[in-house]
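Student: Sequence:
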Amino acid sequence: MSFLNSFDISVSGLTAQRQRLDVVAENMANAYTTRTEDGGPYRRKIISMEEKPANTFQSEFNSRLRRLQSQKGGVRVSAITEDQRDLTPVYNPEHPDANDEGYVMMPNVDLVKETVDGMAATRSYEANITAFNAIKLMAQKALEIGK
Numbered sequence: 001m002s003f004l005n006s007f008d009i010s011v012s013g014l015t016a017q018r019q020r021l022d023v024v025a026e027n028m029a030n031a032y033t034t035r036t037e038d039g040g041p042y043r044r045k046i047i048s049m050e051e052k053p054a055n056t057f058q059s060e061f062n063s064r065l066r067r068l069q070s071q072k073g074g075v076r077v078s079a080i081t082e083d084q085r086d087l088t089p090v091y092n093p094e095h096p097d098a099n100d101e102g103y104v105m106m107p108n109v110d111l112v113k114e115t116v117d118g119m120a121a122t123r124s125y126e127a128n129i130t131a132f133n134a135i136k137l138m139a140q141k142a143l144e145i146g147k
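By the count of my numbering, the sequence shown reaches residue 147 at its end, each step adding exactly one.
Since the hints were derived computationally from the structure, they do not count as laboratory data.
Incorrect hints may have been included.
Claimed, not checked - Label pairs and their computed distance ranges (CB to CB):
(1) A139 - M28: 21 to 29 Å
(2) L143 - G40: 28 to 36 Å
(3) T122 - T36: 24 to 32 Å
(4) R123 - K45: 43 to 51 Å
(5) G146 - S48: 41 to 49 Å
(6) R85 - M119: 19 to 27 Å
(7) T122 - D97: 18 to 26 Å
All C-beta atoms, glycine included, are put in the ideal place defined by N, C-alpha and C.
Start from the sequences, fold in the hints, and give me the full structure.
Tutor: Listed below in structure tokens is the structure:
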């Protein structure tokens, strides 16, 4: 694996963790949204990631000629889905979205969980930056050998 491929892997991690943090921020912003465009309360969104195959010319060439698997090349977001857990009923008969019994269905967003997910995404982002910088330093040192 070349160092350029390593850059691509780190960048894919940065992109995926940024998207993860975007979803966390959206969940936190809508933690108390009782009415969406669909008519019901907001449902927590969940991000799913999967390993991303490398799409280099060499891997494509080798896989087609020799029917070999390509090298793995990082991570990508495979889907952003809605959490189907039950909504939380809260007794508030004065709320405009309350049902006949006085209960309002609140979003299934747990702010503590979202905070932890946000912290984990931030730490993963920082780890990818560290890896990127280490790869960059190695490339610089390799170029200095020819001086």
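Student: Each hint: holds or not?
Tutor: Cross-check of the supplied hints:
| no. | hint | in the structure |
| --- | --- | --- |
| 1 | A139 - M28: 21 to 29 Å | violated (38 Å) |
| 2 | L143 - G40: 28 to 36 Å | violated (57 Å) |
| 3 | T122 - T36: 24 to 32 Å | holds (27 Å) |
| 4 | R123 - K45: 43 to 51 Å | violated (20 Å) |
| 5 | G146 - S48: 41 to 49 Å | holds (44 Å) |
| 6 | R85 - M119: 19 to 27 Å | holds (21 Å) |
| 7 | T122 - D97: 18 to 26 Å | violated (34 Å) |
The earlier numbered hints that this structure contradicts are 1, 2, 4 and 7.
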